[in-house]
Amino acid sequence: MLDFSILTENLDMYLLGFKNTIMSSLIALVASLILGVFVAIMRIAPIKPLNWLGTAYVEFIRNIPLLIITFFFFLGLKLSGLYAGTLALTIYTSSFIAEAIRAGILSVPKGQMEAARSSGLTYGQAMRLVILPQAVKIVIPPLGNQFINLVKNSSILAVVAGLDLMYHGDLISSRTFVVFDVYIFVAAFYLILTIPLSLGVGYLEKRLAKSN
Amino acid sequence: MIVFDRVNKYFGDFQVLKEINLTINKGEVVVVIGPSGSGKSTLLRCINRLETISEGSLSINGLNVADKKTDINKLRRNIGMVFQHFHLYPHKTVLENIMLAPRKVLGQSESEAKKIAQKYLEKVGIGDKANSFPSQLSGGQQQRVAIARGLAMGPDIMLFDEPTSALDPEMIGEVLDVMKALAHEGMTMVVVTHEMGFAREVADRIVFMDEGRVLEEATPAEFYANPREERARLFLSRILNH
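Going down the list, the sequences are from chains A and B.
Numbering-wise (the numbering used here), the first sequence opens with residue 1 and increments by one.
Numbering-wise (the numbering used here), the second sequence opens with residue 1 and increments by one.
To be clear, the hints were calculated from the coordinates, so they are not data collected in a lab.
You may find that some hints are simply not true.
Which residues of chain B face chain A? A few of them, derived with a C-beta cut under 8 Å, are [unchecked claim]:
(1) K18
(2) Y89
(3) P90
(4) A101
Beyond 12 Å from chain B on every Cβ pair, some chain A residues (computed) [as the list claims (entries may be wrong)]:
(5) M23
(6) S80
(7) E99
(8) P142
(9) G144
(10) D170
(11) F189
Backbone N, C-alpha and C define an ideal beta-carbon position, used for all residues, glycine too.
Take these sequences, add in the hints, and give me the full structure.
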């Protein structure tokens, strides 16, 4: 039977870690989304050098382990664990988000861009006002997956003393010499974040589908 | 107004347009016909630079279309385009579809753009559909919205790229009627179509293309009664006798 005294006696540590995980995930989520949109547009824009730069970014970042990117910021640039981890999460996730968004943009029929451009809109206006609003609907499900992965991947912070949920779990475990129960509660806290996220994405998907 | 001067266009090794010389005057309705793959649509799409020409020169009101210094967005304001598959914006209402470019490109106010959009919707006969989404309209209605969208910019030239080819037979008439009315008002129109009735009735000039060349230019009366080119005669016999 699960020992709930582990939870109640260490609640402040759990909550502190939980709070940091939420903060780190939230910042990384917003920042990686913005970065991802930019990289996606770089890959699609009709300017060759930008395409190359965007492709190089995506292929380089998504093909190395998150842990190494984290070490780069933590050991290489000597940032604190929380900063290094959040930054690494942002950059790592942005490469996947860029790919999801790129696929979404490309799935909008070519005629939409032609219609917009032939009416005198600039490329940027056509992208912003015509293409992206349509791409968003297509992109929501894969984006949801990336966000859920991001929350779980934030446990990488524990490796660099990033003060997150996993880190505090480790701390509690080494203090109490309990392993199983401690991490069950850690898992429960992650679920508190990821399940609503998952449901939220599903809801958004349904609502956007309706307006089509 | 629109002048093609020895225009060549290649897609890779394939030459789509060969030595095109063509002048289209203000207020003229020119119908471009010819078998598929003859370069009609490409010719049309060069006019607003949806396709770039490879050689020769193409100018509109004296402005060189191919020149990098030509502000293409400014040029395009004056050229409305209607596509085979309408290409309405599915996430916007009919009214928003029409208002987008006047608002963002011409800088019209919301109320001004709305008034103009409504005016053109009435003109194409679907004033009651202003707040519908494109997916709620029939093909013919969608194409009429697309025409209204082009007109709302107050263009000098309207381009039509097979505007009735994707429509149910029953819907073709309503779209052609709108186009006929436009022609009678003196709009400069370049129309790629297979609608021979429309061409005969409305066109000032027929341009017949085959394999990337303009083979024949004539008034509809001349062209239909007595096409000079053997290829044009064959084409006509195939599409008229069935």
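Evaluation of the provided hints:
A least Cβ separation of about 24 Å between K18 (chain B) and chain A goes past the 8 Å threshold, and the interface hint is therefore violated. Because the smallest distance between the Cβ of Y89 (chain B) and any Cβ of chain A comes to about 6 Å, under 8 Å, the interface hint for this residue holds. About 6 Å separates the beta-carbon of P90 (chain B) from the nearest beta-carbon of chain A, less than 8 Å, and the hint is met. Among the interface hints, the one on A101 (chain B) holds; its C-beta lies about 4 Å from the nearest C-beta in chain A, closer than the 8 Å criterion.
Listed as outside the interface, M23 (chain A) is consistent with that label: its C-beta sits roughly 34 Å from the nearest C-beta of chain B, beyond the 12 Å cut-off. With a least beta-carbon separation of about 43 Å from chain B, S80 (chain A) lies farther than 12 Å from that chain, consistent with its non-interface assignment. Separation of E99 (chain A) from chain B is adequate, the least Cβ-Cβ distance of about 23 Å exceeding the 12 Å criterion. Every Cβ of chain B is farther than 12 Å from the Cβ of P142 (chain A); the closest lies at roughly 19 Å, confirming the non-interface assignment.
Interface exclusion of G144 (chain A) from chain B stands, the closest Cβ pair being 20 Å apart, more than 12 Å. Remark: the non-interface label on D170 (chain A) is consistent with the geometry, its nearest Cβ contact in chain B lying 47 Å away (cut-off 12 Å). Even its closest Cβ contact with chain B, about 38 Å, leaves F189 (chain A) beyond 12 Å, as expected for a residue assigned away from the interface.
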